Every structure is written in C-alpha cells, then in structure tokens.
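Number of protein chains: 2
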Amino acid sequence: MPIADRLTLNIMFENKERTSLTELGEFGLIKHLTEHFKIAHESSVKGVGDDSAVLNFDHKQVLISTDLLLEGIHFDLAYVPLMHLGYKAVQVNLSDIYAMNGMATQITVSLGVSSKFPLEAIEEIYKGIALACNKFNIDLVGGDTSASRQGLVISVTSIGYAEKDDVVYRNGAQEGDLLCVSGDLGGAYVGLQILEREKQIFLENPQLQPDLEGKDYIIERQLKPEGRKDMVDLLAQLKIKPTAMIDVSDGLASEILHICNQSEKGCTIYEDKLPIDPMTYETARELGLDPTVCALNGGEDYELLFTIKQSDYQKLKNDIDVSIIGHITDKNEGVKMISKSNVVHELKAQGWNAFKK
Amino acid sequence: MPIADRLTLNIMFENKERTSLTELGEFGLIKHLTEHFKIAHESSVKGVGDDSAVLNFDHKQVLISTDLLLEGIHFDLAYVPLMHLGYKAVQVNLSDIYAMNGMATQITVSLGVSSKFPLEAIEEIYKGIALACNKFNIDLVGGDTSASRQGLVISVTSIGYAEKDDVVYRNGAQEGDLLCVSGDLGGAYVGLQILEREKQIFLENPQLQPDLEGKDYIIERQLKPEGRKDMVDLLAQLKIKPTAMIDVSDGLASEILHICNQSEKGCTIYEDKLPIDPMTYETARELGLDPTVCALNGGEDYELLFTIKQSDYQKLKNDIDVSIIGHITDKNEGVKMISKSNVVHELKAQGWNAFKK
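Heads up: the protein sequence lines correspond to chains A and B, in order.
The first sequence runs 114 to 470 under our numbering.
The second sequence runs 114 to 470 under our numbering.
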C-alpha cells in the first residue's frame with residue numbers, strides 16, 4: 114500500500130463491512146487467520162492447532178507454547194496477589210507442554226507494566242515466576258520488560274521436549290478408548306466466583322474482611338494452579354502412552370470437543386463420573402450454581418484430559434487421582450453426557466471466550 | 114502468603130520504599146530481576162543476556178527470541194498501517210535470531226485486541242505477518258488471540274537454529290578485531306520524526322495531505338524494516354564467523370556498549386565511517402537534528418553490528434553493504450568515538466528506554 118495512505122488506513126475500516134469478533138470467538142478467529150499459512154519446514158512437525166508447536170531438530174522434538182495474559186481480561190489485580198500471578202502465568206503455560214506428554218525445560222517471560230508500577234511489585238511477580246521455575250525445574254532463558262500505557266501484560270513462552278514417539282496429540286483418540294481426567298474439576302471457577310463476590314463486598318465496604326473461611330482449596334485452585342507434570346511422570350512410569358491428550362484450560366466440555374473433533378470421533382461421558390471436590394460442590398450449591406455445569410464449562414482447572422486404550426485400564430484403575438469419565442465412540446454417535454437421571458445431553462463448548470467479556 | 118491477605122497486597126506497596134523504574138531502565142531491570150535465576154539444564158547453553166536463548170537439543174542449537182509490542186509504547190496506530198505493523202513485529206523478532214548467526218525457521222504470534230476491533234483490521238496485521246513469513250521462509254507455528262482492554266498488544270516468539278560452532282554471542286570480541294555494521298544507520302529514527310511531524314499537522318488540520326514527498330526510503334526504514342538474513346548468508350558464503358554480533362535495535366551506541374561490556378573490551382569508532390544515507394542526513398539537518406546522533410542513538414535500524422578478525426578483512430573489504438566503523442581495544446581504552454574534527458567523545462547509551470516515555 115502506498116505510504117501516503119497511512120494516515121487514513123485506520124479510519125478506512127469504518128466504510129467496510131465489519132465482522133464481529135464476538136461472533137467468531139477465539140478458536141474461529143485463529144483458524145480463520147492461520148488456515149492459509151503453509152508449513153514449509155520439515156522441522157515443523159505440528160504448527161497451529163494443538164497445545165504446543167512440535168519442532169523436529171534432529172531426533173528430539175522441541176515443544177514450544179506461548180500465552181498472553183492481560184489485566185482486566187485474564188486477571189483482576191483487585192484479588193490476584195502479584196506473586197500468585199507470576200506463578201500462575203508460568204504454570205498455565207507449562208501445562209501446555211505437559212499436555213503434549215513432554216517435559217518442560219525453559220521459559221521466556223515478557224512483561225509490560227505501567228512506568229508508575231513500583232519495582233517491588235514487579236519483584237513480587239518474579240518471585241512467583243521463580244517459585245514455579247524452582248518447583249518444576251525450569252530455566253528462565255529470555256524475555257523482555259517494557260512500559261505499558263494501561264494495564265499489566267504478561268507473555269510467557271514455554272519450551273520443552275519429548276522423544277518423537279512419546280508426543281501425544283489431540284487427534285489420536287480411537288473408538289473404545291477410555292476418557293480419563295486427572296484431579297478434580299470446577300474448583301477454579303467456583304473459587305473465582307467467591308473472589309468476585311468478596312471483591313464486590315470489599316468495594317461496597319472496604320472495612321469488611323473477606324470471608325474465605327473454609328474455602329482455601331477452591332481459592333488455591335483459582336489463584337495457584339499447578340501444571341500436572343506428576344501425571345506425565347506417572348504415565349511414563351506405568352508405561353501408558355495416551356492416544357490423545359489436552360489440558361483443561363477452557364473447560365472440560367470444550368476440551369472433549371477438541372479431542373473428538375480432531376480425532377474425528379464421538380464420545381459418551383457420565384455425569385456421575387465427573388470428579389468434583391466436595392468443597393467445589395457445596396460452594397457451587399451455596400452460590401446457586403450447578404456443580405456439573407461448573408465442572409463442564411468452568412475452565413482453568415489445568416488438569417490433563419486424555420484417552421487410553423482399554424488394554425491400559427488395568428495399569429491405571431487403582432490410581433485415585435485419575436477418573437475414567439467415559440469412552441470414545443464412533444463420530445456418528447455424537448459427543449454426549451448421560452446425566453445422573455439417565456437423560457442424554459449433547460455436550461457443547463461454553464468455555465471461556467475472551468471476546469465475550 | 115496467606116490467602117486472606119490478597120485484597121490488601123496491591124495496596125501494600127504504598128507503605129514501602131519505591132524504586133523508580135525510570136532510574137533503573139530496561140536492561141537494569143531485567144538484570145535485577147533475573148540475576149538470581151539459576152540455569153539447571155545442560156540444554157540451556159545461553160539464557161538471559163543475549164539476543165536469543167540458545168538451547169542444545171542434541172547437536173543442533175535451538176534459538177528462541179521473544180518480543181512484546183504495545184500500542185502507545187512501541188507503535189502509534191495514527192501512522193503505522195496495520196499490515197506494516199504485522200510485518201515489522203515479525204522482522205524485529207527474526208532480527209534477534211540472525212544476530213546469533215542463526216537461521217530463523219518458525220514464529221509464534223500472540224495478539225491482544227479490543228473486542229471492538231473489526232476482523233478486517235486483524236486480517237491486515239496477519240497479512241503483514243504472512244508477507245514477512247513468506248519472504249523469510251518462516252512457519253507460523255502457534256499463538257494466541259485474546260481480547261485486550263489496553264489497546265493492541267503483539268507478542269512474537271521466534272525460533273531458529275544454528276550448528277553449535279556457528280553461534281555468535283555478544284561476548285567474543287577480541288582486541289584488534291574490526292567493528293562492522295551492515296546497511297546504514299539513523300534512517301528509521303529520522304523517518305519516525307517525519308511521521309510524528311505529519312501526525313501533528315494532521316491533528317491540527319485533518320484536511321491537509323501528509324507531505325512525504327521524497328522521504329520514501331526513511332519512512333520505509335521506520336515502517337518496514339528488514340531482518341538481515343542476507344547478511345548471515347553472506348558471512349557464511351565468505352566463510353567469516355564474526356567474533357561477536359548483535360542487532361541494532363536500541364541504537365548503535367547502546368549495542369556497541371553491549372558488545373564491549375560483555376566482551377570486557379574497549380572500542381574506538383570513527384564518526385566519518387558511520388554509514389548514513391544521504392536522505393537520512395539531509396532530513397536530519399532539515400529537522401535540526403545532528404545526523405551522527407541519529408545514527409548513534411536513533412535505534413530501530415535492525416542492521417547487524419559485528420566484529421571480525423583482521424585476517425577476515427580481505428574477504429569483506431569490497432562489500433559495499435558493510436562498513437568498517439572502528440576496532441576493538443583494551444578495556445582500559447574505554448569506548449569512544451573520534452569525531453570528524455578529531456575530538457574524542459566517550460560513547461554513552463542514550464538508546465530507547467521504554468520507561469522514560
């Protein structure tokens with residue numbers, strides 16, 4: 114485009130047809146924008162469309178994943194302590210590497226902060242980053258710090274590796290495979306609702322102390338999630354290679370649909386098999402929420418959802434930290450949940466969509 | 114920290130001593146924040162402190178670099194066409210891989226945009242990203258798109274590789290080495306001044322057409338910089354391995370100081386050897402700016418600054434796109450410039466500091 118047009122370019126969209134991002138949603142937008150990019154390098158084993166990119170440099174596969182966290186969208190500084198924010202920013206990113214059945218080894222972190230932000234505040238963020246790095250044996254190997262004119266911006270890139278034959282994609286689920294999920298679901302979402310409630314009370318009356326009595330577990334699920342490296346280690350120890358795997362960031366239903374769509378399969382899950390912690394369950398009820406909906410659509414649990422061959426069932430059945438919630442079916446069967454009262458529901462992704470905020 | 118403290122944590126800095134980010138500057142801050150991180154993995158050959166991280170997965174070295182670009186800090190949408198912005202975001206990041214003497218092969222791109230941004234605007238950005246990818250044979254292998262409440266945010270991570278023995282760091286310069294720079298300097302900065310001037314005129318009188326007559330070259334230097342992949346190719350072809358290398362993003366003076374500090378050497382450069390394009394020179398004069406200061410401190414040229422052994426001089430001396438601007442000295446000699454009138458100036462980094470904005 115001619116340089117002289119530059120001053121008018123950003124006005125020109127007013128005369129064009131607009132397509133709303135709200136309609137398109139996050140996945141639609143990424144697909145729309147990237148589907149015409151060609152993969153040219155042999156080393157690009159897997160590009161856009163999975164939890165992390167897989168690159169083949171010699172016989173080891175390099176795993177790269179990146180996340181952008183924006184104030185007011187992904188976090189609210191009114192109730193997220195900065196140290197927890199740093200910790201969580203790393204964990205949610207490592208989680209993508211573990212979801213490939215890989216080992217995370219390095220991260221880079223870029224920060225954009227108001228120039229009025231005191232150094233001590235940034236140090237708090239980095240304390241959290243350091244805690245996460247120490248706990249999971251991660252090297253911080255790069256990054257960038259810049260002024261930001263409005264809010265806090267955090268961009269994390271994780272790098273990891275796996276042997277070529279160990280990498281697990283989203284698209285390998287086969288009919289008859291068992292659908293498994295680690296830990297429990299819905300806690301991070303219910304914890305967020307409690308924090309939002311206390312924030313409102315605090316804003317109305319700053320003298321009131323927040324009432325978090327007995328809610329530690331779900332508050333921690335929201336503020337201090339942990340990537341499931343231990344689950345990757347366990348699977349290796351049990352000599353189980355999942356046929357497909359993804360981490361639960363947007364909500365169980367959304368992730369199940371990713372596996373089913375990419376594997377071109379259907380799936381049936383059972384409501385009574387969903388792992389929901391009693392505190393999550395009771396608090397959801399207190400707040401007038403359906404615990405099952407919280408587990409299906411809450412998101413931010415950072416558990417691993419994976420499918421295994423039936424022949425691996427014996428190896429895993431006694432692990433109390435893994436729930437078998439359903440099985441993979443033919444594509445024509447659809448993606449559905451059998452409720453406790455034996456009603457069949459079609460599963461829909463109502464996971465988090467940043468553009469709807 | 115106890116969870117219940119969370120609501121007060123972000124207020125608590127008001128009662129603490131504050132250290133101003135303005136004083137510390139970008140490099141100081143990164144150093145301050147990262148110096149206590151330990152490198153544990155054998156694969157982390159080089160972490161924070163160079164243009165890109167170097168990771169050793171088997172015998173190939175993987176190069177990773179990341180940049181965060183924020184509206185109102187790194188770019189002004191009043192005069193940066195979105196397509197150029199996408200192109201530039203990629204180029205400035207690839208430039209870090211080339212500065213390691215590596216080949217860039219993949220990028221990931223994360224975007225944060227206002228949910229009111231029309232799709233067509235994001236498409237323009239991606240058109241620019243695609244142009245840059247096609248031109249430099251880069252695969253887009255990942256990323257993230259999110260709503261943003263703080264204007265446009267772009268985070269790019271570049272991945273590349275080099276044979277272990279080919280990687281060039283900032284710290285290898287030796288006494289007697291020749292200091293070389295590709296292309297010409299100061300153009301991007303002077304181009305920016307023209308754009309800023311025309312923006313002001315436009316704001317005062319939107320009917321006036323911008324006057325960019327004859328300024329194409331320097332406007333392009335600002336809006337559409339190119340990573341110097343060709344220079345990496347040329348050096349390989351001439352069988353020259355620089356002893357140190359860095360890209361000119363913050364300004365020549367700042368980059369020379371990086372090489373000298375990390376190599377523990379001094380340096381002498383000559384004002385009359387600085388490559389300045391006639392259009393840069395004349396426009397700087399028109400604007401009342403010293404062209405030499407623009408070349409030293411302007412930044413955003415994305416040229417490669419490197420040192421070579423004297424024995425490599427014969428191979429390079431006839432290349433018109435490389436200027437030999439000085440030589441490396443003992444550390445005690447300091448880092449200095451001999452002016453056209455033979456006055457000795459100490460070089461200081463007055464490069465771009467985002468926190469000073």
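If you're looking for bench data, these hints aren't it; they were derived computationally from the structure.
There's no promise every hint is true.
Since the list can't tell identical chains apart, any single copy or any two copies may satisfy a pair.
Said to hold, decoys possible - In silico DSS-like links for lysine-lysine, alpha-carbon gap of 30 Å or less:
1) Lys312 - Lys354
2) Lys352 - Lys428
3) Lys444 - Lys352
4) Lys229 - Lys461
5) Lys248 - Lys461
6) Lys173 - Lys386
7) Lys312 - Lys444
8) Lys240 - Lys386
9) Lys173 - Lys354
10) Lys173 - Lys444
11) Lys444 - Lys229
12) Lys277 - Lys173
Since this is a predicted model, take the numbers as computed values, not measurements.
Verification of the hints:
1. Lys312 - Lys354: neither (43 Å within a copy, 59 Å between copies)
2. Lys352 - Lys428: Within. Shortest intra-copy distance 8 Å satisfies the 30 Å Cα cut-off; inter-copy 56 Å does not.
3. Lys444 - Lys352: Close inside one copy (28 Å), not across copies (57 Å); limit 30 Å.
4. Lys229 - Lys461: between (43 Å within a copy, 26 Å between copies)
5. Lys248 - Lys461: For Lys248 and Lys461, the Cα distance exceeds 30 Å both inside one copy (36 Å) and across copies (41 Å).
6. Lys173 - Lys386: neither (37 Å within a copy, 46 Å between copies)
7. Lys312 - Lys444: neither (44 Å within a copy, 57 Å between copies)
8. Lys240 - Lys386: Neither: 38 Å inside a chain and 46 Å across chains, both beyond 30 Å.
9. Lys173 - Lys354: both (17 Å within a copy, 27 Å between copies)
10. Lys173 - Lys444: Neither way: Lys173 and Lys444 sit 33 Å apart in one copy and 42 Å across, limit 30 Å.
11. Lys444 - Lys229: neither (54 Å within a copy, 37 Å between copies)
12. Lys277 - Lys173: both (6 Å within a copy, 16 Å between copies)
Going down the numbered hints, you'll see the structure goes against 1, 5, 6, 7, 8, 10, 11, while the others check out.
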